[in-house]
Structure formats: C-alpha cells, structure tokens
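Chains as they are written, first to last, in this note's numbering: chain A, 708 to 1123; chain B, 4 to 204; chain C, 53 to 164; chain D, 6 to 1011.
Hints should not be assumed to be uniformly reliable.
Covered by chain A, per the in silico footprint, the following chain D stretches (three or more residues, Cβ under 8 Å) [said to hold, decoys possible]:
| # | region |
| --- | --- |
| 1 | 11-21 |
| 2 | 256-263 |
| 3 | 901-915 |
Quick caveat, the hints were computed from the structure, so don't treat them as lab data. C-beta: ideal position from N, C-alpha, C; glycine also.
Chain by chain, the residues run as shown.
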Amino acid sequence: MSTYSVFSLIKNAFSNHQEWDRAWRDAAPKASYDVIVIGGGGHGLATAYYLAKEHGITNVAVIEKGWLGGGNTGRNTTIIRSNYLWDESSALYEKSLKLYEGLSQELNYNIMFSQRGVMNLAHNLHDVREGMRRVNALRLNGIDSEWMTKEQVKEFVPAINIDQNVRYPIMGATLQRRGGTARHDAVAWGYARAASARGVDIIQNCEVTGIRRLGGRVVGVETTKGFIGAKKVGIVTAGHSSVLAAMADFRLPVESHPLQALVSEPVKPILDTVVMSNAVHVYVSQSDKGELVIGAGIDAFHSYGQRGSFHMIEHQMGALLELFPMFSRLRMLRQWGGIVDVCPDASPIIGKTPVENLFINCGWGTGGFKATPGSGWVFAHTIATGQPHALNAPFALDRFTSGNLIDEHGAAAVAH
Amino acid sequence: MANALPRAGAVARFAPAVTALASSAGLVLAEMVPPGQVNLRGNPSDPRFLRAAGSVLNCLLPVGANTVQSTDDITVLWLGPDEWLILTAPGGETELIERLRAALGDVHAAVTDVSGNRARLRLSGPEARMVLAKGCGLDLHPQRFKAGQCAQTTMARVGIILHQLDDRPTYDILVRRSFAEYTWMWLKDAMAEYGGTIAAG
Amino acid sequence: MLLINCPWCGPRDETEFSYGGEAHRVRPADPSALTDEQWADFLFMRTNPKGAHKERWVHSHGCRRWFNVERHTVTHQILNVYPPASAPQPVQDIEAANGDAAPASSQKGARS
Amino acid sequence: MTNTHRTPTGGTVDRSKTISFTFNGKSYQGHAGDTLASALLANGVHLVGRSFKYHRPRGILSAGSEEPNALIQLERGAHTEPNLRATQIEIYEGLTASSQNAWPSVEFDVGAVNNLFSKIFVAGFYYKTFMHPQSMWMRVYEPIIRRAAGLGKSPQEADPDIYDKMHAHCEVLVVGAGPAGLAAALEAARGGARVILADEQPRFGGSLLGSRGETIDGMPALEWVAKAEAELRSHPEVTLLPRTTVTGYFDHNYLVMAERRTDHLPRGSKPGVSRQRLWKVRAAQVVLATGSHERPLVFADNDRPGVMLAGAARTYVNQFGVLPGRRVVVFTNNDSAYQAALDLHDSGAAVPAIIDLRKSVDGPLARKARAQGIRIITNSAISEVEGGKKVRGVQVQALAADGETVTGPAESIACDLIAMSGGWNPAVHLFSQSMGKLRYDEALAAFVPNLSVQAERSAGACKGSFALPACLAEGAEAGRAALAAAGLDAAEPARVPTAEALEEQPLRPLWIVPGKKPVGQKGKHFVDYQNDVTAADVLLASREGYQSVEHLKRYTTTGMGTDQGKTSNVNALAILAKSLASPIPQVGTTTFRPPYTPLTYGTIAGRDVGELADVARVTPIHAWHVEQGAVFEDVGQWKRPWYFPRGAETMEEAVRRECRAVRTSVGVLDASTLGKIDIQGPDAATFLNRMYTNAWLKLDIGRCRYGVMCKEDGMIMDDGVTTRLGPNHFIMTTTTGNAAKVLDWLEEYLQTEWPELKVYLTSVTEQWSTASIAGPKAREVVAALAPDLDLSAEAFPFMSMKEAVVAGVPARIFRISFTGELSYEINVPSHQALHVWREMMRVGARYDITPYGTETMHVLRAEKGYIIVGQETDGTVTPFDLGMDWIVSKQKKDFVGKRSYARPGAVDDGRKQLVGLLPEDPAFVLQEGAQIVEDADNRTPIPMLGHVTSSYYSETLGRSFALALIKNGTNRLDQAVYAPLDGGRIVKCTVTKPVFFDPEGVRLHG
Ligand SMILES: Cc1cc2nc3c(=O)[nH]c(=O)nc-3n(C[C@H](O)[C@H](O)[C@H](O)COP(=O)(O)OP(=O)(O)OC[C@H]3O[C@@H](n4cnc5c(N)ncnc54)[C@H](O)[C@@H]3O)c2cc1C
Ligand SMILES: NC(=O)c1ccc[n+]([C@@H]2O[C@H](COP(=O)([O-])OP(=O)(O)OC[C@H]3O[C@@H](n4cnc5c(N)ncnc54)[C@H](O)[C@@H]3O)[C@@H](O)[C@H]2O)c1
Ligand SMILES: Cc1cc2nc3c(=O)[nH]c(=O)nc-3n(C[C@H](O)[C@H](O)[C@H](O)COP(=O)(O)O)c2cc1C
Ligand SMILES: [Zn+2]
C-alpha cells in the first residue's frame, strides 16, 4: 500500500494520477476464514482492522451485501462525543474518542476529524439538572465537559438565538470541546484500506443469507456467492441485526426504525460548533463542505425502508428555526434515512450470542458512529479471545435477563 | 345542583365568549360560552344501554362513525365505538348526568361531567375550510365531510373534535381548554389573509 | 405519512396514531412462574422482521382504540387492518344497531 | 434600454413593461416575464459565477431548475438568499443580485489560483493529505478548507417573511403542465375528478413555452395551452398551481409541494401573505408529467461561459426573445439540437456549423438545416474551446473510427455560443422517490420508469416519449387511467389532442468526447459543473476502487450539489460503466431523494415559529398569574408559575417568603396541571390493583391513597393520589408531565391485556382546576369559602375527599398534602375556577394567603422527602431504591412490574438509595446534578456513589439540604461524603434520612 501524503499527491500529479493503487483489494471469497465479519460498515471494518492489528488474526473476511459504508456509516450526521451519563458508557465512548484522535495518522487516511465541540442545550430546569449531572460525572471520570451559561453559549455560537422570549429559551448548555465531527465515508474507506493492507479480504455485493451451525457452533455462512466456512463469525449489521439473528435462530431486544437526516445547500462558514437540543429535538452542524447537516427524529414504526416520513422533518425545522431564526431562508438540499437498531436501554450489545463462536455487535441505534473505533477495538478483542474486554463486558446480551440495563435515555422528562 | 354562576371562556384573555354568531357574511371566529358537556361510555351492542341512553337523550345514539345526532337542546357526537360527547345548554349537564345515571342503573357505562374539559370555538364563513386545511389533514371537501359530521382529529398539533354545523360552512372546534389559547392564536393567524374577524361579544 | 385505516374512524393520517410495536404478544398469566430468561424474552425480545409485520397501533387522536395492522416493513404497504376480537366491532348497519333503542318520535337523523 | 441581445420580436415577455435590476452592482433592464438569466443574457452578460473548487468562470447552462452554474446571491440584509438559480428567478423591479464564491469580483477572482493547483486538487485529495503534523489539521488545514468551501452566504438576520402550509386532497394530482400534464389534467377534470395541476414554472406549457412552430389541434401550441388552461379553470374541482414544485413523493401517495407565492414580486410588497407555502397532498392517483432534462456533452473545457444546453438556447430565443449568442456553434449527438439551430438561425443568429458526433445524419431536421444553408459537420467533435471568461471559438476535429480519439487537422470556428446536446434524461426523480424501479433504455441512452410501486403513472418526456404527439396521447391516456383508478367514470370519450411529429434519427452516446490529449491532460471535461467533477476524477475514482456508483458519488461528490446532478448523473455513471467495461444498467443510478429542488427551511417550518412554535398550555388561572407578575416555568408544554416576585425581589427572596407563608400561615398553588383520570366500572378496583404496586381493593369510599405505577421492568413511571368516589368509581391523579402517557398506558392494558375487565377511563384533566391550599391557616380559608362543610379532623380527616359548594361552585375537596402542611386541594370545573380563585384570595387576605409557585412547592416537598418522578427518578429507579418498600405489596400475586423485582439486577448490592444530604456549610446550596464521592482525593476516574437529585435552601430549617441517590445510601446514615464541584470546590456533606421536616406528620394530620 503506497503511503498517502502531499508528496505522493504531487508525485502522482506528474503521472496524471494514473499510478494510484486501489484503496482496498476487492477480494473473491476464499473457502474459509478464521473470522468472518458480516457487515461492511464502519464497525465491521474496524473490527477486521483491529483483529489484524491488535490480535494478528489476518485470515479475515468482511462480507458486505452492498457497498462498503452504505449502511448507517454512510448516512449519519457524524457527531462524535463521549459525554454519556453512565460510567460504563462514557468509558467505552471515551476509548473511541481517543482512538479517533489519532485515527487519520494511524490509518494514513484523513478522516477529517474535526474537534469543533459538541454543545447540548438546556431549555428547562430538568435539562439543566441533567446537564449538570452529566458534566459532573464526566469530569470525575476524567472526560472533558463543561457547563456554559446562556451568555457563554452565545459567545461560542454567535448564530444562535438566546432571546428569552421564545417558546423554549436557552438556559445554558453543556459543552464537550473534544467532540466534533468526522468525514463518515472516510472512516469506512480508511479502515477498509488499512485492513486490506493487513491481509483482510473485503467482499462487497455479497449478502449473507444463512448462518450454518453444527452442534451449537457456528461453522460458516451461506451467501449469495456461496458457502464460506469460518471458525468464528461476528455479526455487525446494525439495522439488519434481527434479520441475521433470525438466521441463527435467536431473537434480539432490538427494533429497526427509520432515522432521518438532511443537509442544506452549502454556504460559507456560519456555524462552528455541533449544537444539539434534546428538548426541542434537533441537532445541527456545518460540514467542511459548507452544508448544514441536521438530524431529525426516528419514525415510531419499524422499518427497513431506509427512508422516513416528511412530518419528522417538519417538526425538526420548527425547532431549528427557534434556535437559529437566521437559517429560515436557507434551503434543504436532500433528506434521507437510515435503519437504526434501537435497544430498550439505548445502549449497544457487544458480545456473545447463544451460538458458540458467533458474536454480535449491534444496538447502536441513533448514535454508533462516534463509537466506531472503540466498538471495533473491543469487538476484535471479544472475537479474538472469546471473552469480552472489560470495556464491553457490561454490554453483554444477558443484561436483559439480569436486569442490569444501562439506560442512556436520560431521565424520563417529567415533573410535578 | 346546577349553578348559575357565569362560565368563563377559555380564551377570555383575548375575547369574550358569545352565545351565538351574527349571521353576517364573512369569515368569523368566536368562542362559544362553554356548553354543558357529558362524556358517555357504554357498549352499543347492549340493547339495555342503547335504550337507556336513547330514552334520556330523546334521540338515537349516533353509532355510525363520525356522525352527530341532535335534538333541540342536545347534540350527541360520536367519538368512538363506545364513547360519545353530549353537548347541552350551559348548566344543563348536572340534570342530564343524573337522569342518565338513573336510567342506566347497573348497566356497565360511564357518565362523566366534562363541561370544563373543552372549549368550543366556532369558525364560520366561506374560507373556513381553507383555514382549517392549513392545519388539519382531514379531507373537508363538502362531499367527504358534511354538516352533521364530526371527527376527532388534530389541527396544528392539537387534538380537536371537529363538528360541521352547516354549509356556510360553520364548524365547531372542541379543544382541550389548556390548548384553547394556542388554538385561538393559530386560527387568528391562519384567518388573517382572508380578512377574518372575531365575533363581537 | 402513512394512511392508516382505523377500523372505526376510517382512513386517517399516521400522525393521529401511536405505534405500539409487535402485535399478539400476550402478557404471561403468571409472570412469577417464569424463569428470568422467559421473562426477558417477553419483556425485550422482538421478532423485528424485514417484510410483513403484525403490529399494534392506537388511534390516539381519534377513537383511542387499539387495533392490529399488518404492514410490510420495506414498502410500508399496509396489507391488513383488524381490530382485536375483544374490541367493540365497527358498526356496519346503523339502523340495525340502534334497533328499537330510541323513542320513535326522535328519529330525526343527523341534522345538527 | 440596452438589451443588446434581445430580438426585435418574438417571445412571451411583455415588452411594454421594463424592469430595472442590479447585478454585481451594475444596473440592467429586462422585461416582465424575464428570468434573471434571460435578462442577463439579453444584456449580453454570460459570466455570472465562479465554480466551487477551481473558481472557474461560469455562465448560464440551462433555462430551468436543473441549472448547476448560474447560482447567485439574491438581495441583501434580512432578505438575502444564497444559491438561487438565475434561471428560475423572475425579475421584479429593484431586484438586486450578485455572484457568489468570488473575491474580489466575479471578473477577477483570487480563488482562481486553485485552478493552477488543480492537478493536485483531484477527487479525494484531502483524504490523502493534511495529516501531518497532526496539530496542524485543526489549526491550519481545516480552517482553510472550510473557508474555501460553501457557495453563497447565509442571512445573518431573522427572516422577515412568513410561510404557511396547506393540506390538500384530490383524486388526481398532475405534476407538470407541459403538453402531457395538460392533456392528463383535461381528461381527469372532464371526468369530474378533483384535480390538482402543479408546475414549478410561472406559466403553464412546459417545453412548449420554449418551442416554436408546433401546433396542437391545429392551433399554435401556446394557443392550445391557453385554451386548455381556460377549460381547466372552468372546472370547479380543479386547482391550478403554477410556481409550485412538487418536491417530495412519500409513502401512501403523500406528496409535498412548495409554492412560491410572492417571490416574483418586489420584496415586502405583500405584507401578511406567506412568501412560500408548503402543500401536503394526499392524492388517490398521481400523474407524473415532469418532462426531461437535457444532458451536456462531456468535452474539454465544456464549462466556459457561452457553453449552453441547446434546448436552453432555444428557450431563450423562443420564450424570452433573447439571443444567447450571435454566432452559435451547435454540438450534438442527436436531432433535438437541430431545432435550436433552426430557431436561432431563424431569429438572426449565425450558425456557422452543427457539429454532430454521429457518423451521418439525414433526418427531416438535418435536411431542414441544410436547406437553411447550415453546415453540418458529422463524425466530428469539439476538441478544444477557445476563450476563458467567454467562448470565442471552437476547434473541430474528426473522430477516429472507435470514437475514442480525434484525428486529423483541427478547424477553428469562431463563435460566441456553443449550444450542445448529449440527449435527454427523463425527469424520473419523483417516480424514483415513489420507489418505482427504473429501466435503462438503450435507444434513448437513459433511464426510464419501469415498475410502479405506488398509485402513479408517468406520461410524456418523463417516460422517455419525446415526440409531441406521444406526449399528448400518453398524457390523455394517463389522465383517463387515473380517473378510472380513482373510481370515477369518464363522462365522455377521450379527446386526444393531435400534433405532428418529426421523425428523429437515433442518437450516438459518446460519454467522453475526446479532446486533443487524453482525458485529464489538457482542458477539463466537466461532468458535474457544480461540484467541479471532471471525467478524469471519475476515472481516477474507478481506478482507486471506488467503483460502486455510490462510492463514485461520495468520493468525487458528483451529483451532490444543489442541482443534485440533474445534468450530470447519467454522464457520470456512464463514464464509470465505460471504465469498468460494465453495462450501464449494472452500474445503476444513485438514489433519488427529496426534495426535487431545494426548499427553504422557512417553508418546512411554516407557522411553527415564534409564538406558534409550540403549544403553550395554560391553566384557567393563567390570566391571574400574569396579572400578579408570576415568572413561569416550562413543564412539558405547560406554563406554570415558578414563583411570584413582589417588587424587586429576587427569586431566592420570593421563594423564601413563599415557603415561610406556607409553613406559618397559608399559601396556595395552582395545581390544575396535574393529570386526572376518571375511572368507572365494576372492575375499577381490580384494575387499579393490577396497575399500582400497592393494594386497592379495600379503599373506602371518600378515601384517598397514594400509588406508584411502574413499568414491567419494575422502574417507576409515575405516581399520584387516587380517590374512591363510589363503589365502582375512582379519580386518579398523575404527574403533570405524564398525564397523557398514563392514560394511554392504562388504556393499553385495558384494551389489549385485560379486555374482560369492565372499566371505562375518561380524561378529566381539564375538567377540574385545582387550587392547593396549604398551611396552618388552610382550614380557616376553606371554611370561609365553604361555610357548610365540616372541616374538623374527625369529619374530614387526612387522605379523604368531600364534595361541597365552594364560593357558589360545586367542588371536590381533597385533604391531601404535598407540602407536609395541613392542606386541601379544591377542584372546581375549569370554567368557574378563576372566580373561585379570586374568591379564595379575597377571603384568604385576612391570613395573608400567598400564592406560591413550583419552586416553593419543590422546596416544601423536599423538606418532607417527597419524591418527584423525573427528578428523584430517571427510569432506573425502583420503589425500593426510594425507601418505599411499604408501597410494594407483598401479598399481591401480580401487578405490573412485580416480576422484575426478582431479577438479579433488582436486588444487587450497590443499588442506589434515596438519602438526605446536609452540606457542612449550611449556607451553601449544592448544585442539583452534583456527583457524590466517598473519597474526594482520588485522581480521575474517581468512583462515584451517586448524585444530588434535589437541592435547596430551606427557609424552615434555616439551612441548605439536598436529596441524593447514593450507592448503599441507607447504610451510610451519618457518614460523610463529598461533592467535588466544578471549579475545584469540594463540599463535605453528611448523609441523613431523606425527611427533614415533621417526620411524624403531625402537621398534615392536624
Ligand atoms: C440519520 C442518522 C444519523 C446518525 N447520526 C449519528 C451521529 O451523529 N453520531 C453517531 O455517533 N451516530 C449516528 N448515527 C448512528 C450511526 O450511523 C450508526 O450507529 C453506525 O454507523 C453503525 O455502524 P455499523 O458499522 O454498525 O452499521 P452500518 O454502517 O449500518 O453497517 C452495517 C452493514 O451491514 C450490512 N449488512 C446488513 N445485512 C447484511 C447481510 N445479510 N450480509 C452482509 N452484509 C449485511 C449493511 O449493508 C451495512 O453496510 C446516525 C444514524 C443515522 C441513520
Ligand atoms: N426533441 C426531443 O428530443 C425532445 C426531448 C425532450 C422533450 N421534448 C419535447 O418536450 C415536451 C415534453 O412534454 P412533457 O409534457 O412531457 O414535458 P414538458 O417538459 O413540456 O413539461 C414538464 C413540466 O413539468 C414541470 N416540472 C418538472 N418537474 C416538476 C416538479 N417536480 N414539480 C412541478 N413541476 C415540475 C416542468 O417545469 C415543466 O413545465 C414535448 O413537447 C416534447 O416534444 C422533445
Ligand atoms: C454528513 C453527510 C453530509 C452529506 N452532504 C451531502 C451533500 O452535500 N450533498 C448531497 O447531495 N448529499 C449529501 N449527503 C447525503 C448523501 O447524498 C446520501 O443521501 C446519504 O449518504 C444517504 O444515502 P442514499 O441517499 O444514497 O440512500 C450527506 C450525507 C451525510 C451523512
Ligand atoms: Zn379511530
């Protein structure tokens, strides 16, 4: 694999860019692998990369039914932060954030990780309390997090409206300065390239249609390109997790829902921070290309349709314009949807399944992009050693039996 | 025990409640003096229930979806397969409830005073349909929704009971009291481009 | 915006309804007799199929009744709508439904 | 009038009306009916913008919504709007517009240095560089990238305009009012259907507006259009919506349209009228008649100002009477461009040559051109464009046999316009959004609709039928078919409008037109004008393995601009297919997504802004609270008085005063927001027994009981007091925020789990308005209001209810308490509540009755250790965690949530429990949300015990206090714990029981 740098760019310019290598090898499936990772999203590719890099397991295939990164990895609003409430969560997401911080260099692929800060607005006393609770917990866990008054909010995000005469005035906010965004496609491509360079086979346009077992153990997968044997198999298929689980005859506490996002036409820089508001429900950032990237809500119903309803977007826009009245004349360029796999406690599942040597990584719902490196890292550990890492042990499937859920919904927002 | 104290409208901060609309032309909005309102629940396939209710109300219980039955002093709106809203004169609810309860005896039913639960806004005039269409997804075309029909639906994010009274068209919009001010402001805003007015008290 | 045909009120916009997830899950008659696994299965595990899905909806902003819908989770096409057997069934024949319930003098019909 | 390029006659602009406007600071004039693009061209202005990446000079490519180049910033100040297409802006008096992405000017743009580095700025270059040193990324590289990106500028002020929405229903929605759409609408309208006809253009007619010479039903096409429009107008059930773009096609035939109502008028000239309107249409049937977009040819430097789509050039001359060039070279691979050549020639332009990629041409159009003396150069290509900021000429060379290179000598032909055509792409956007499946049509070299999923049908050019008679016939047929599918009978036989077609010869798809050197080495072959994507970029992406059409899109950004690749997508994927030696259908298209053209956020939000942004629910007492100067708190959608400052009081002072009043005399809280559910039926008690954790079967009539409701996972979801009104009759209260949720929850169980239970639920939240009178003098106040009521503790004990007439109004009075004081909650019908309230204040004045808000309520209840769901609980807390074991029945075999208490997670050591905390410094009030630790000296991560849920200064106790959820809290009584706060302060606290005041309940029983 040739190294990417400004020098290689200049050098290649002289040969009219005819000499660039393929970013990753497009492999044909071998008869069998030590590990098969089902799902070529960020998490699957990261898993394969860390299997090779951290555990020396290179006889690995990533099997993707469509194109790499075409699932939620390719359709998320790219927000990265680690400001989760519970110790278990913040540890996992912080591991991920740390990995992100060196990822461009590690992968030799600029994923454009932009630590421009993630701000969560508070609009009522309940928000303030919950924000404080989180800021304090994070600080004690050694994770950067701070509280901002509304004046500080305005100073940090000049475009925002802190007028107190609006329906839900801003009362303050939490800020994680190390949070930000990254170029989502580049994360998938960068991992694919680095994994491929370490020997991982990347197989696109190959759908897993069955999971073959023998005596309670997994032995391989049926695919649209035929049977492929494997000693171990990891399912990392996000919105399709239940479909894969059904192939191995178990059920998951997961529901697939449409989650939408939209972008505006590109404009010159106007918003330098990622701004989120749970109360009015909207989140927005401006990408390096200039478009405002805005997240909408999830449709209530189950769907594998990769598209959502327009009324979700309508709801979003009222909220956006409350925060940023000046955006009213900007225009929506495109809206799309992804299929998110939602867990009852809004936390992921990473670990073993009822089938021996079959592992699963799912349930990231609306927020797993930020976890991509960390998730891959702990999942590789789990597959390689057969045991969860301390970071993902609390996220096992059996927490639904024991009742040790990790509820990240935040507080049920009510008061007397 | 009926009480004769005046009833405050839910949008009294903006406009006084009225007892009737002047029949002049043009688009007009008003809050009606809160009527007596009784919520009735019961099983319409139980003939005892139907008989008891019918005898007190002096009309058929509307069992067809989205329909209304009325006599000179009461209006009965179908809310669901086992639920009705009975409107009567302000203050008339107390006696009506007593009579209903007495007639129903041990029939499984529920009679509940909800006179304070909802405000009754009335929108009338040629453009009333357009005004509603700005916030309500129901098909209000005269062939689809006629005088004498009602529906529980939403308008501008607020749950409402919509009742068409005549072909002018005139609509009653029954809205939860706490939502009434918002609904009022919303309607006023939606009427503005048609030059709508507020009925004088 | 799905168009859902409420068995009682007729076709209405999706926003009048609330979604209730997988249909035909029955709360165990005696939860205490279940193992933790069985209880977890009832509480949390879902079929979540890609394809036809039997699910529950409630007409929250209408008649407030729960009913079942069979819907394709990819095309969103609604294949079937049916009220639970225990629910009051939609009235087909209004005349018959009323029978001799009301005094004849008041058979005025809708005229409000 | 300096319209140097206006033809003396022709076009549909109103030459009697002259309109002045400003572009880049210079004044120009145009006519009513002009777009900004046509008016600029009339003035000879071609250079209108700079490209995204290389800052190449750009002109006007098209005449419609597909325009990728001519994006401008319209107006200034609060009215400014970026990225508008000059081709769609109707000019109005005083219009002010400017170019974007150019500094200092569009003529001389410093950013054009990027062009020099274009060899490096190839597709995906930023993924390969800017990585070292790491610290430079955020500080240097990214800021540069960011500043360079973006096109126009966002407004900096709030929008002065309003927007609104309209729901609509119809049997047939026809999208597009070209010949196909008009024919469809006519048939549907004649059958009596409710028809909506929407077109994004200001006038109906579609492509006919820009054509010349066509006749329909024997009359000039535009006359037929006028007649059709008049007939449609005469049908009462037809709604005609020009200037209305159908932007989205969603599930179940729900379509969204954006109507521009005042954009064609001077700004601010229609006060009160919404600028844009969002239509939400539920259509039984849809007819798509959206026409087609012409494809550019991909040749070297095909982006120079003066390179224009042939159809657009034709539109400018025919519709606007504007000659976009005086010497026009036509470059084509199909017959349609010959029409442009003929019309331009006819209007006085010189057409030195038609350069045709095809080996030979001999159709009627070619023959006509030859007859006009126009030279046709076949099997040849433009191998070079002369001119930078404006086309000066072309070099033409013959094609080699394989079409991959040019050969032979180059001939220079001077010209000021290149009118090109690479064929036509049916506008299948809405069809695809409806999930319809496309098919590749080899003859058209384009994708056309194949399998429908929803109730829609396509007609005319959008279906790949480019001949006028076919458009009309398909339109009429589609209109009829839609009518029938909607269940309506056509009243009369179809009347298919007739027209004549010219036979056309097949096109020659040549996806990259060869230039003088291999692609990428001389000149740029643009594929996507807007995002500056060239054929070389496409080939590079393919070489590097970005070979899925979706990877290609994302790696090169082709099709991701504001035009969404209307002109570029098919060219790009065809070049990809060529590079992969795959058939085009195998490569496929990218996904079409809404909106068809961008629509403003204002339109999407409609009136959901400002004071209508969300419902503000108010109680019947609200007017009084406002009179009293209450400060309000948002609790869900409710506005609740937070505190009632007197004079210049601070919040802290007001709350202390209010607390003092309740503890020493009497206070009153508006508790109307509490949820109230009326429960009736013989099984009501059984039902409550299943839903609440405690026992309900034996509650006496007239008595009240507190209950906690849990979810099946055992976690608390709500609490409240329920009272038995009769043997089969209860009234339940819920928390303010959960009223609707609890009712839904109860209904769900009743209807779906236990339909055999005979219980009816009715929400009476707003039936009853509640005044909560609390304090030692509460009894006196109630006595004054309800003189007939026996208020003695024996007759009316704690936790009971009485009906009485209060201030003349029949009321329910509950003797319950959330403050720990003697307290009565008086419930009266909402429409008389304000009267009762005023009476209460009048009779209470003697005791200095003090209204108090939610803050005081919170302090008082916390002193008593009463929880607030959502504050002491967060969905992870059981009644046991709150020390409320007493409320969980051990006898009941089952209730909702019970089973979950037997799970290991519910009985773990180390669960958190509710405790009290007393800060060492009695004046210091802890932050709510502060975390509690055992040992404050640890380095991070410091293990946490839990957090402060509530914290206040207590006027009663004369000190601060708090409630907290703490691991093993009940075993830590009297121990010291620490709250390390932001800023380094560490507050030592003592753990106490969570009841600080009157633990025996003497006062509330009093
Ligand atoms: C609109 C939207 C906004 C979001 N915003 C954010 C955000 O701001 N921040 C954040 O952190 N997270 C966000 N998320 C969530 C985040 O995108 C996901 O959690 C994350 O990308 C999941 O990555 P993944 O690799 O697990 O899944 P995916 O990227 O979905 O990959 C799964 C892959 O499995 C493949 N697959 C499925 N079935 C099969 C099969 N049978 N055989 C082979 N392959 C199969 C799929 O094709 C897919 O490529 C958002 C999600 C959406 C939809
Ligand atoms: N000679 C050729 O090769 C060729 C090629 C293409 C078209 N044509 C001619 O063009 C005409 C095609 O007729 P037609 O009726 O099919 O199409 P049309 O192009 O005449 O009309 C389509 C109309 O739809 C509108 N439209 C498109 N998308 C829309 C949307 N989303 N919302 C609202 N409006 C939208 C357009 O503004 C346009 O007015 C015929 O006259 C045909 O001969 C000729
Ligand atoms: C962060 C982000 C930014 C995007 N920016 C653009 C954009 O500028 N232009 C565009 O057309 N699409 C943009 N998209 C949307 C994609 O075009 C596409 O809709 C999305 O990846 C989902 O894929 P699909 O629409 O092909 O199903 C963006 C997507 C994401 C996740
Ligand atoms: Zn219904």
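Verification of the hints:
1. 11-21: Check failed, 0 qualifying residues.
2. 256-263: holds (count 3)
3. 901-915: holds (count 6)
Hint 1 from the earlier list is the only one contradicted by this structure; the remaining hints agree with it.
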